[in-house]
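What follows is the residue order along each chain.
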Amino acid sequence: MNRRSLWEQIVQQLEMRHAELGMAVLQHIKLVAVSVGIAIVIGVTLGIAVSRFRRLEGPVIGTAGMLQTIPSLALLGFMIPLFGIGELPSIIALFLYSLLPIIRNTHTGIVSVDKSVIEAASGMGMTDTQILFRIQLPIAFPVIMAGVRTSTVINVGTATLAAFIGAGGLGDFIFLGISRSMDALVLIGAVPAALLALLLDFVLGRLERAVTPKGLKI
Amino acid sequence: MVVFDNVSKTYKNGFRSVKSLSFRVQRGEFLVLIGPSGCGKTTTLKMINRLIPHTEGTITVDGKDIAKQNVVELRRNIGYVIQQIGLFPHYTIEENIALVPALKGWDRKKIRQRVEELLHLVGLDPAVFARRYPKELSGGQQQRVGVARAMAADPELILMDEPFGALDPITREQLQDEFLRLQKEFRKTIIFVTHDMDEAIRMGDRIAILKDGELLQLDTPERLLTNPVHGFVEQFIGKNRIFQNPELLPVTEVMRSDPATISPHRSPERAISHMRQRHTDTLLCVDEQGRLLGIVSAYDLQGDAARIQSVGEIMQPADPILPLEATARDALVKISESRFGLIPVVDSQGKLTGVVTKGSLLTVLAGRWKEAEAGVGS
Ligand SMILES: Nc1ncnc2c1ncn2[C@@H]1O[C@H](COP(=O)(O)OP(=O)(O)OP(=O)(O)O)[C@@H](O)[C@H]1O
Ligand SMILES: [Mg+2]
Chain A
145 MNRRSLWEQI
155 VQQLEMRHAE
165 LGMAVLQHIK
175 LVAVSVGIAI
185 VIGVTLGIAV
195 SRFRRLEGPV
205 IGTAGMLQTI
215 PSLALLGFMI
225 PLFGIGELPS
235 IIALFLYSLL
245 PIIRNTHTGI
255 VSVDKSVIEA
265 ASGMGMTDTQ
275 ILFRIQLPIA
285 FPVIMAGVRT
295 STVINVGTAT
305 LAAFIGAGGL
315 GDFIFLGISR
325 SMDALVLIGA
335 VPAALLALLL
345 DFVLGRLERA
355 VTPKGLKI
Chain B
2 MVVFDNVSKT
12 YKNGFRSVKS
22 LSFRVQRGEF
32 LVLIGPSGCG
42 KTTTLKMINR
52 LIPHTEGTIT
62 VDGKDIAKQN
72 VVELRRNIGY
82 VIQQIGLFPH
92 YTIEENIALV
102 PALKGWDRKK
112 IRQRVEELLH
122 LVGLDPAVFA
132 RRYPKELSGG
142 QQQRVGVARA
152 MAADPELILM
162 DEPFGALDPI
172 TREQLQDEFL
182 RLQKEFRKTI
192 IFVTHDMDEA
202 IRMGDRIAIL
212 KDGELLQLDT
222 PERLLTNPVH
232 GFVEQFIGKN
242 RIFQNPELLP
252 VTEVMRSDPA
262 TISPHRSPER
272 AISHMRQRHT
282 DTLLCVDEQG
292 RLLGIVSAYD
302 LQGDAARIQS
312 VGEIMQPADP
322 ILPLEATARD
332 ALVKISESRF
342 GLIPVVDSQG
352 KLTGVVTKGS
362 LLTVLAGRWK
372 EAEAGVGS
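If you read the sequences in order, they're chains A and B.
So for the first sequence, our numbering puts the first residue at 145; every next one is plus one.
So for the second sequence, our numbering puts the first residue at 2; every next one is plus one.
Simulated from the structure, these hints should not be mistaken for lab results.
Warning: the hint list may mix true and false statements.
Listed next, the stretches of chain B that the computed footprint assigns to chain A, with coverage defined by at least 3 CB atoms under 8 angstroms from CB atoms of chain A [said to hold, decoys possible]:
1) 86-93
2) 96-109
3) 129-136
Cβ coordinates follow ideal geometry from the N, Cα and C atoms, glycine included.
Could you build the full structure based on these sequences and the hints that come with them?
So this is what it looks like as structure tokens:
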């Protein structure tokens, strides 16, 4: 197939399936947003817990690390016997997948806050909770955000595999394209996925800069 | 204000970093803790605001056992300044200083006023600095903010752990001066850790010398320098310290106690022969009670001897005069103002007790210096 005919195919497929594509993009965003959203809540909490109770560090970070070493397709596969197919098992798999960067960055961010700052804070009579919410988390914020961005970008890619267990999203196009040997369809799924990853990273970067206190910017 | 009663700190590994420490700090007193690295200065300080819990004995602050107090409450009433400063990087200078007042629930207006007042006190213009972030300040400026932050809620007691230790010598001296000025004005109770003996002498009302967790001597700078307990303290202070600090040497140490005197009723001839006898060209005039009246010089006598009946007629004021409590430093400063190269020293009744001359100053200070040199060599 020469280039010209590929281009024609793409145009043709887009004309035929643009409504479907729009839905797929939205579904894709939903999978990523929900899974990363839950991962932020749970991951940050675990990150805080880990930095508070040093004994948890090994088990929690070890487990999250192990989850990430499982190939994504395999992790999705494991979900089927547990939660069946569709959106729910995909979101759970994606959530597990994005935990590690968030936990690790939260932990790193908190423990790398200058010791003298913490000493001054507690010496001045701030409670541990006040120190956590007013000092440690705000100072760790850029590092935590970096973890969230990493998770998001990875998840946009991994979410294409979720189509494999029936969760929809841009992966549908890719799988369809592969099974029908139509490169145009593969590209119609893959290119928007790549663009989506770039876009989300950019938006989160902007958000991070907007929310980071001025005193912490370099 | 602060009382240590047999306080010890034993770490979990069995190491005793502070051993049966007992001392008391008066309200408004500036106490300096000094000693070699690892002697337990920081530990002692941090036990007061319970950043390090003590394991034996009792510490009371303002009459209350700190172990029985709410720890957060205790700390909010004690100012704390550390060498690393520890400003909150994500807060503005204003927010940094406002923290404790805000925790204590002051209203916004009062906090704002207080912040402004404090910035002025530590020599930072609020219009310039209030909205800046810590990283936009120099080290010296940051520590000024550190001091302002510690004073924010007007605590009676302020703990300072080598607050000026990380600053360059010039900035350090500047901050020491300014802090002393603040201290004169506000008379806080201050416990101040340093390893710099010059700083200790400069700042402290009293100095506590620690070694291996034990208190070796707690005294005023003057007494420490003149009467160091034998051995470590003596060595730690360094004998030449006195030489560097003439303000610590009483004027009585550099004066001659047998000044040549004369009654103002005596004749000029008598005065001249008295001068010859004493190998001097000035005589101090005193009344029957020994009170200083003035001074006559050989130069004036020679010019006017034929014209006058008694030396009282050409007697001049003997300024400058020093009181008995003056120091060698005062004498050094004043001697250059003196027309006759000498300064009479008088007691509170105005009685002449001695005289400082350039010669007596030089002899004593040079003697001390020689001693110090010998001390360093041995
Ligand atoms: N957690 C700990 N466990 C055991 N020993 C400790 C602990 N913390 C401090 N020490 C020991 O206690 C001693 C006193 O420490 P401290 O910090 O009070 O010294 P310092 O006088 O402030 O010294 P420096 O001038 O170096 O700051 C040191 O010998 C130190 O090694
Ligand atoms: Mg120390």
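Results of checking the hints against the structure:
For a cut-off of 8 angstroms, the count of residues in the segment 86-93 of chain B with a CB near a CB of chain A stands at 8, and the three-residue condition holds. For the segment 96-109 of chain B, the assignment as covered by chain A holds, since 3 residues bring a beta-carbon within under 8 angstroms of that chain's beta-carbons and 3 suffice. Counting residues of the segment 129-136 of chain B whose CB lies closer than 8 angstroms to any CB of chain A gives 3, which reaches the minimum of 3, so the coverage claim holds.
No hint from the list above goes unmet by this structure.
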